[in-house]
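*Asks:* Going line by line, the protein sequences match chains A and B.
Sequential numbering from 1 applies to the first sequence in our numbering.
Sequential numbering from 1 applies to the second sequence in our numbering.
Think of the hints as simulated: they come from the structure by calculation, not from any bench.
Take these hints with a grain of salt, some might be off.
Some residues of chain B that are not near chain A, with every Cβ distance over 12 angstroms (derived) [unchecked claim]: (1) Leu81; (2) Ser94; (3) Tyr95; (4) Leu103; (5) Asp167; (6) Glu234; (7) Glu243; (8) Glu267; (9) Val333.
30 angstroms max Cα-Cα, derived DSSO-like pairs, lysine-lysine [unchecked claim]: (10) Lys110/B <-> Lys87/A; (11) Lys91/B <-> Lys110/A; (12) Lys110/B <-> Lys91/A; (13) Lys110/B <-> Lys110/A; (14) Lys25/A <-> Lys91/A.
Even for Gly, the Cβ is constructed at its ideal location relative to N, Cα and C.
2 protein chains.
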Amino acid sequence: MSLIVQKFGGTSVGDIPRIEAVADKVARFRAEGHDVVVVVSAMSGETNRLIELANQVQERPLPREMDVLVSTGEQVTTALLSMALDKRGVKAKSYNGSQVRILTDDAHTKARIREIDDERLRRELADGYVVVVAGFQGVDDGGNITTLGRGGSDTTAVALAAALKADECQIYTDVDGVYTTDPRVVDGARRLEKITFEEMLEMASMGSKVLQIRAVEFAGKYNVPLRVLHSFQEGPGTLITMEEQEMETPTIAGIAFNRDEAKLTIEGVPDTPGVAFAILGPIGAANIEVDVIVQNVSHDDKANFTFTVGRSDLPRAEEILRQVAQELGAREVSSDHKIAKVSVVGVGMRSHAGVASQMFEALAQVGINILMITTSEIKISVIIEEKYLELAVRALHSSFGLDEETLEEGTA
Amino acid sequence: MSLIVQKFGGTSVGDIPRIEAVADKVARFRAEGHDVVVVVSAMSGETNRLIELANQVQERPLPREMDVLVSTGEQVTTALLSMALDKRGVKAKSYNGSQVRILTDDAHTKARIREIDDERLRRELADGYVVVVAGFQGVDDGGNITTLGRGGSDTTAVALAAALKADECQIYTDVDGVYTTDPRVVDGARRLEKITFEEMLEMASMGSKVLQIRAVEFAGKYNVPLRVLHSFQEGPGTLITMEEQEMETPTIAGIAFNRDEAKLTIEGVPDTPGVAFAILGPIGAANIEVDVIVQNVSHDDKANFTFTVGRSDLPRAEEILRQVAQELGAREVSSDHKIAKVSVVGVGMRSHAGVASQMFEALAQVGINILMITTSEIKISVIIEEKYLELAVRALHSSFGLDEETLEEGTA
Numbered sequence: 001m002s003l004i005v006q007k008f009g010g011t012s013v014g015d016i017p018r019i020e021a022v023a024d025k026v027a028r029f030r031a032e033g034h035d036v037v038v039v040v041s042a043m044s045g046e047t048n049r050l051i052e053l054a055n056q057v058q059e060r061p062l063p064r065e066m067d068v069l070v071s072t073g074e075q076v077t078t079a080l081l082s083m084a085l086d087k088r089g090v091k092a093k094s095y096n097g098s099q100v101r102i103l104t105d106d107a108h109t110k111a112r113i114r115e116i117d118d119e120r121l122r123r124e125l126a127d128g129y130v131v132v133v134a135g136f137q138g139v140d141d142g143g144n145i146t147t148l149g150r151g152g153s154d155t156t157a158v159a160l161a162a163a164l165k166a167d168e169c170q171i172y173t174d175v176d177g178v179y180t181t182d183p184r185v186v187d188g189a190r191r192l193e194k195i196t197f198e199e200m201l202e203m204a205s206m207g208s209k210v211l212q213i214r215a216v217e218f219a220g221k222y223n224v225p226l227r228v229l230h231s232f233q234e235g236p237g238t239l240i241t242m243e244e245q246e247m248e249t250p251t252i253a254g255i256a257f258n259r260d261e262a263k264l265t266i267e268g269v270p271d272t273p274g275v276a277f278a279i280l281g282p283i284g285a286a287n288i289e290v291d292v293i294v295q296n297v298s299h300d301d302k303a304n305f306t307f308t309v310g311r312s313d314l315p316r317a318e319e320i321l322r323q324v325a326q327e328l329g330a331r332e333v334s335s336d337h338k339i340a341k342v343s344v345v346g347v348g349m350r351s352h353a354g355v356a357s358q359m360f361e362a363l364a365q366v367g368i369n370i371l372m373i374t375t376s377e378i379k380i381s382v383i384i385e386e387k388y389l390e391l392a393v394r395a396l397h398s399s400f401g402l403d404e405e406t407l408e409e410g411t412a
Numbered sequence: 001m002s003l004i005v006q007k008f009g010g011t012s013v014g015d016i017p018r019i020e021a022v023a024d025k026v027a028r029f030r031a032e033g034h035d036v037v038v039v040v041s042a043m044s045g046e047t048n049r050l051i052e053l054a055n056q057v058q059e060r061p062l063p064r065e066m067d068v069l070v071s072t073g074e075q076v077t078t079a080l081l082s083m084a085l086d087k088r089g090v091k092a093k094s095y096n097g098s099q100v101r102i103l104t105d106d107a108h109t110k111a112r113i114r115e116i117d118d119e120r121l122r123r124e125l126a127d128g129y130v131v132v133v134a135g136f137q138g139v140d141d142g143g144n145i146t147t148l149g150r151g152g153s154d155t156t157a158v159a160l161a162a163a164l165k166a167d168e169c170q171i172y173t174d175v176d177g178v179y180t181t182d183p184r185v186v187d188g189a190r191r192l193e194k195i196t197f198e199e200m201l202e203m204a205s206m207g208s209k210v211l212q213i214r215a216v217e218f219a220g221k222y223n224v225p226l227r228v229l230h231s232f233q234e235g236p237g238t239l240i241t242m243e244e245q246e247m248e249t250p251t252i253a254g255i256a257f258n259r260d261e262a263k264l265t266i267e268g269v270p271d272t273p274g275v276a277f278a279i280l281g282p283i284g285a286a287n288i289e290v291d292v293i294v295q296n297v298s299h300d301d302k303a304n305f306t307f308t309v310g311r312s313d314l315p316r317a318e319e320i321l322r323q324v325a326q327e328l329g330a331r332e333v334s335s336d337h338k339i340a341k342v343s344v345v346g347v348g349m350r351s352h353a354g355v356a357s358q359m360f361e362a363l364a365q366v367g368i369n370i371l372m373i374t375t376s377e378i379k380i381s382v383i384i385e386e387k388y389l390e391l392a393v394r395a396l397h398s399s400f401g402l403d404e405e406t407l408e409e410g411t412a
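Please model the complete structure; the sequences and the hints are all you need to start from.
*Replies:* Okay, here's the thing in structure tokens:
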């Protein structure tokens with residue numbers, strides 16, 4: 001008998017038949033003798049309905065009241081799922097964030113969890129109840145309702161698993177695990193049995209949107225074994241754990257990619273200290289996130305500076321950059337939104353030389369020009385023209401031996 | 001400057017434009033310098049939508065979870081109204097029942113308020129906030145969410161007004177006050193400027209469904225001045241207060257009536273002690289409310305026993321009564337659902353003799369036969385055939401001088 005925290009997202013509890021299916025699943029785990037805490041999101045569409053109501057009232061709704069409003073969505077699901085469990089003869093009780101109590105800071109709409117009081121939950125578990133907790137929400141010191149921001153239910157689940165020292169935190173999704181790359185791009189993409197927290201972080205931040213990044217960070221920090229599974233299909237999913245020496249790690253875990261980037265270049269800026277800050281300071285001040293940054297010296301002792309931002313931020317970033325260019329006396333500002341980022345990710349990279357050269361060779365063999373390169377300890381990313389994205393992903397997937405064996409494809 | 005508690009029901013906050021209109025009204029009171037606490041219901045239709053979801057899951061939903069579910073409805077309204085006030089430059093904060101804290105017993109779906117902690121509310125008011133409180137809900141000793149049952153928002157408003165010693169508790173509705181009788185039945189029905197708690201109780205229980213009975217009882221007990229007003233029309237409404245000696249009370253405040261009754265008679269039961277209990281005990285045990293009860297002796301030293309119940313309870317009550325009749329060896333059981341109750345209500349009745357005879361005379365003059373009679377200190381009720389209801393109400397309204405003076409109608 002073990003203690004399991006299970007999280008079901010908005011699609012998994014999107015209507016009553018799905019809530020019933022989730023209740024069946026939870027009841028099975030309970031019947032096997034496990035203690036179960038279930039974390040649920042709002043029924044799909046409900047959060048948007050509530051936000052729409054708020055937007056009808058106020059262009060920029062009061063953050064405190066926004067949290068009061070949207071937190072009702074998860075509360076509704078907890079009640080309905082508890083009823084569905086009760087109908088199956090499974091004792092169940094709902095808890096909202098304030099009742100648990102999940103103490104957060106007071107940053108409404110994007111609060112962070114500070115502390116979880118697990119006493120009431122432990123008592124309910126000891127009394128034989130399945131506890132159904134509203135994800136995504138908490139309460140601050142002053143008793144005000146807070147929310148963790150979109151997708152925060154994953155974080156709630158991991159934080160509860162950490163506080164309760166659960167044996168496993170299961171995140172139920174609409175995919176049956178984490179793949180070596182997007183199966184829609186590469187036919188031979190394989191489900192991974194295991195992946196490390198670090199690899200998962202690099203995959204997640206690159207657009208493999210299976211899990212919320214904060215949840216993975218949290219799980220890594222508190223070493224909570226995390227498993228990604230499909231809500232309505234059977235299967236072992238993918239286990240996300242600490243790196244183990246004895247784990248037979250292939251060099252590369254997967255190929256991640258992201259189309260949602262745009263590239264900005266400012267040419268002919270003075271090659272002096274403080275220039276990078278002069279350029280990126282105003283961008284950061286405008287709350288625009290910058291991803292890849294590359295700087296190199298041009299022929300006339302001036303520097304060229306290139307960085308990428310989310311595609312929707314491009315117009316605003318470009319406007320800011322043109323002002324900066326005037327102030328710095330730069331030669332030119334240019335932008336390109338038809339780019340994509342492709343990354344090779346794997347903890348094995350640390351101990352294996354030659355991953356970078358193998359990557360560049362594979363891309364060269366299919367005639368793809370690399371526009372930018374960045375590297376981290378377990379990841380190498382390149383920016384290429386968007387039109388080559390699928391070709392690049394397939395070439396790399398094959399080159400690093402990730403294709404499903406049964407397919408026996410050669411290297412492209 | 002005074003402290004006012006204002007309550008707006010589901011129809012008054014039924015959509016965003018109406019919530020905006022309520023915000024306008026609250027803002028005007030605030031601008032006049034009053035401290036304002038607003039109690040709101042769920043947007044009309046929302047509570048039914050949530051109950052419908054629960055019924056899809058469970059035939060008899062878990063009461064604890066039912067409360068968790070439906071309490072979200074009011075919470076949504078508090079957030080939206082707070083936003084609407086903020087948009088108007090009025091500082092506002094929402095509070096749910098648990099945050100206030102409105103402590104109740106643990107009788108889920110029909111909890112009773114035990115105690116209100118008004119400290120946080122007083123602090124918010126002192127800080128210049130309008131406090132928007134979710135009606136209809138509270139929290140029990142164990143921190144579980146409870147609800148007061150349908151219409152409980154009125155009770156919340158009165159209880160808050162009592163705790164805060166508010167100068168007035170204003171209940172906004174879809175009528176502009178309490179009338180001498182139903183204006184749909186009598187053209188000359190007049191809005192009352194004032195009415196006593198006791199009169200209001202007798203009127204409310206008779207189907208003038210302006211206010212929840214519990215709320216009026218509560219207001220009377222704690223002497224909270226209660227005012228019934230129209231949500232979207234200007235006007236003084238009707239003030240419900242303690243009986244004052246100097247208040248120029250007409251003998252009769254109004255004519256109440258109720259069509260929703262049915263009559264049951266059991267004939268020929270033994271005229272011995274304990275018979276009334278033998279008959280009504282099983283009816284009460286089945287949670288059927290009994291209204292008028294009349295017993296008298298028949299010619300053969302047996303008693304005849306007649307009582308009325310809500311019309312929808314008639315089939316069940318009759319079934320029970322037939323069993324009782326067998327056990328008691330009664331002669332016959334009969335029922336009639338085509339009856340109605342008409343009542344004359346007024347505290348002035350206490351000091352004025354002759355109200356009963358005036359009532360019976362007025363009915364006799366228009367040829368209406370009285371089936372049953374019951375009296376209380378400030379009310380006389382008769383049961384008549386339903387088809388005579390309108391005729392009876394008009395005759396009594398006119399006989400007791402309640403018709404609008406401008407109409408100058410003669411007595412029927």
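*Asks:* Does each hint hold? Answer for all of them.
*Replies:* Against the structure, the hints:
Not every CB of chain A is more than 12 angstroms from the CB of Leu81/B (nearest about 9 angstroms), against its label as outside the interface. At roughly 5 angstroms from the closest C-beta of chain A, the C-beta of Ser94/B falls inside 12 angstroms, breaking its exclusion from the interface. At roughly 9 angstroms from the closest C-beta of chain A, the C-beta of Tyr95/B falls inside 12 angstroms, breaking its exclusion from the interface. No beta-carbon of chain A comes within 12 angstroms of the beta-carbon of Leu103/B; the shortest separation is about 15 angstroms.
For Asp167/B, the non-interface assignment is confirmed: its Cβ lies about 27 angstroms from the closest Cβ of chain A, beyond the 12 angstroms cut-off. For Glu234/B, the condition that its CB be more than 12 angstroms from all CB atoms of chain A holds, with the nearest at approximately 24 angstroms. Every Cβ of chain A is farther than 12 angstroms from the Cβ of Glu243/B; the closest lies at roughly 41 angstroms, confirming the non-interface assignment. Every beta carbon of chain A lies more than 12 angstroms from that of Glu267/B, the smallest distance being close to 46 angstroms; the non-interface claim holds.
With 12 angstroms as the threshold on Cβ separation, the claim that Val333/B sits away from chain A holds: the shortest Cβ distance comes to roughly 39 angstroms. Taken as a hint, the Lys110/B and Lys87/A pair is honoured in the structure, with Cα atoms around 22 angstroms apart against an allowance of 30 angstroms. Our distance criterion of 30 angstroms between C-alpha atoms is met by Lys91/B and Lys110/A, whose separation comes to about 22 angstroms. Straight-line distance between C-alpha atoms of Lys110/B and Lys91/A comes to about 22 angstroms, which keeps the hinted pair within the 30 angstroms bound.
Our distance criterion of 30 angstroms between C-alpha atoms is broken by Lys110/B and Lys110/A, whose separation comes to about 36 angstroms. Between the alpha carbons of Lys25/A and Lys91/A the distance comes to roughly 14 angstroms, so the proposed pair stays at or under 30 angstroms and holds.
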